[in-house]
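There are 2 protein chains.
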Amino acid sequence: MLSRKTKYGLKALTFLAKREENEPVPISVIAESENISQKFLESILLSMRKAGYLGSKKGKGGGYYLLKEADEIKVAEVYRILEGPIAMVPCVSLNFYEKCDDCPDEATCSVHKLMIQVRDNTLKIFENTTIEDIIIRA
Amino acid sequence: MLSRKTKYGLKALTFLAKREENEPVPISVIAESENISQKFLESILLSMRKAGYLGSKKGKGGGYYLLKEADEIKVAEVYRILEGPIAMVPCVSLNFYEKCDDCPDEATCSVHKLMIQVRDNTLKIFENTTIEDIIIRA
DNA sequence: TTATACCCTATCGGATTAGTAGACTTTACA
DNA sequence: TGTAAAGTCTACTAATCCGATAGGGTATAA
Numbered sequence: 001m002l003s004r005k006t007k008y009g010l011k012a013l014t015f016l017a018k019r020e021e022n023e024p025v026p027i028s029v030i031a032e033s034e035n036i037s038q039k040f041l042e043s044i045l046l047s048m049r050k051a052g053y054l055g056s057k058k059g060k061g062g063g064y065y066l067l068k069e070a071d072e073i074k075v076a077e078v079y080r081i082l083e084g085p086i087a088m089v090p091c092v093s094l095n096f097y098e099k100c101d102d103c104p105d106e107a108t109c110s111v112h113k114l115m116i117q118v119r120d121n122t123l124k125i126f127e128n129t130t131i132e133d134i135i136i137r138a
Numbered sequence: 001m002l003s004r005k006t007k008y009g010l011k012a013l014t015f016l017a018k019r020e021e022n023e024p025v026p027i028s029v030i031a032e033s034e035n036i037s038q039k040f041l042e043s044i045l046l047s048m049r050k051a052g053y054l055g056s057k058k059g060k061g062g063g064y065y066l067l068k069e070a071d072e073i074k075v076a077e078v079y080r081i082l083e084g085p086i087a088m089v090p091c092v093s094l095n096f097y098e099k100c101d102d103c104p105d106e107a108t109c110s111v112h113k114l115m116i117q118v119r120d121n122t123l124k125i126f127e128n129t130t131i132e133d134i135i136i137r138a
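Keeping their order, the protein sequence lines are chains P and H.
Per the working numbering, the very first residue in the first sequence carries number 1; after that it's consecutive.
Per the working numbering, the very first residue in the second sequence carries number 1; after that it's consecutive.
A portion of the hints provided could be inaccurate.
As the list claims (entries may be wrong) - Computed list of lysine-lysine pairs in DSBU-like fashion (alpha-carbon distance at most 35 Å, straight line):
no., chain 1, residue 1, chain 2, residue 2
1, H, 99, P, 50
2, P, 99, H, 18
3, P, 99, H, 50
4, P, 113, P, 124
5, H, 74, P, 113
6, H, 113, P, 57
7, P, 18, H, 113
8, H, 60, P, 39
9, H, 60, H, 18
10, P, 113, H, 113
11, H, 99, P, 113
12, P, 18, H, 74
13, P, 99, H, 74
14, H, 74, P, 124
15, P, 39, H, 99
16, P, 74, H, 113
17, P, 5, H, 99
18, P, 124, H, 124
19, P, 58, H, 124
20, H, 113, P, 50
21, P, 99, H, 124
22, H, 5, P, 74
23, P, 124, H, 5
24, H, 39, P, 99
25, H, 124, P, 74
26, P, 5, H, 124
27, P, 74, H, 74
28, H, 99, P, 74
29, P, 5, H, 113
What the hints contain is simulated information worked out from the structure, not anything from laboratory work.
My request is simple: use the sequences and hints to build the entire structure.
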């Protein structure tokens, strides 16, 4: 399941990318347009800012704006920041590897290889899709 | 994330499929061999029985056994029974479709098409992988 | 008749998710 | 210089889900 957090994050990014000018947009505007709880969106945008994708400006006339071009922002990156690992099981995660604590041995685990396959496929999509692609296709 | 439920379910099925004879195997044996909480496994096997994949025999010498051949059990089916929808978002689920309650319009949703793509890819893997495949590859 | 093993219901603690509240800081502008 | 607009930060909450557990009930082989 995709969390709302990630979904909202992607929506907010595409919203910003679709604008003509890259001027600060208040959270309230994004929240209203995209039908997102404003307070929740605050924390999401903050994460994206700390990760270097968004800039912000305080005070009147302030808001959030993109720091990168839409075609430079991969879905995979956004997903990892907001959602976490792309793999369905920690023991096949590239960026968040962890041994499954219920599994004595990965080599003999019947699910392991299957999950690697799923990971590779999903990864291929997420790595090859940018915010720009999302805008074009939709 | 893949739940333990599904993971355990797949492990239990492969365990049964790997045996020479298709004779009833007590839950306790499967649980111990595969390192699974026995009580939890009970409910999982019960679900698989009700779905028609396993048969059971009560009393001494009883246990669970496969009702289908290993190459007739698709991962996709097991997944749907134990985990639920394969899609990451309800609005692109084939078997569990539901409108996303936060999304006013699917047609203009920026995430929708992306998630269809992910679903199709994952589905392809799960539909084309059987318990037998899992055994062979591992 | 007894031990074995599945069947069923209920419950529980912990984690996570989505959202809320409220105080604080920075800034534009009248 | 005061005020309203806007982001920042911390804390809290309600709801849900997950994995596991408890315990009694029922069927059956020996």
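Checklist entry - Does the structure keep residue 99 of chain P and residue 18 of chain H at a Cα separation of 35 Å or less? => result 25 Å, holds
Checklist entry - Going straight from one Cα to the other, do residue 5 of chain H and residue 74 of chain P come out at no more than 35 Å? => result The hint holds at about 32 Å.
Checklist entry - Are the Cα positions of residue 18 of chain P and residue 74 of chain H separated by 35 Å at most? => result 42 Å, violated
Checklist entry - Taken at face value, is the distance from the CA of residue 113 of chain H to the CA of residue 18 of chain P at most 35 Å? => result 17 Å, holds
Checklist entry - residue 124 of chain P and residue 124 of chain H: Cα distance at most 35 Å? => result Given that 35 Å is the threshold and the Cα spacing comes to 14 Å, the pair holds.
Checklist entry - Regarding the pair residue 74 of chain H and residue 124 of chain P, is the alpha-carbon distance no greater than 35 Å? => result Holds, because 24 Å separates the two Cα atoms, which is no more than 35 Å.
Next on the checklist: Does residue 124 of chain H sit within 35 Å of residue 58 of chain P, going by the straight-line distance between their CA atoms?
Outcome noted: 47 Å, violated
Next on the checklist: Between the alpha carbons of residue 124 of chain P and residue 5 of chain H, is the straight-line distance 35 Å or under?
Outcome noted: 27 Å, holds
Item to check | Satisfaction of hint between residue 74 of chain P and residue 124 of chain H, Cα-Cα up to 35 Å | outcome: 24 Å, holds
Checklist entry - Would the pair residue 60 of chain H and residue 39 of chain P pass a check requiring their Cα atoms to be no farther apart than 35 Å? => result 59 Å, violated
Checklist entry - Within a Cα-Cα threshold of 35 Å, do residue 99 of chain H and residue 113 of chain P meet the stated pairing? => result 33 Å, holds
Next on the checklist: Against the 35 Å threshold, does the CA-CA distance of residue 113 of chain P and residue 113 of chain H hold or violate the hint?
Outcome noted: 27 Å, holds
Consistency note: the structure conflicts with the earlier hints numbered 8, 12 and 19.
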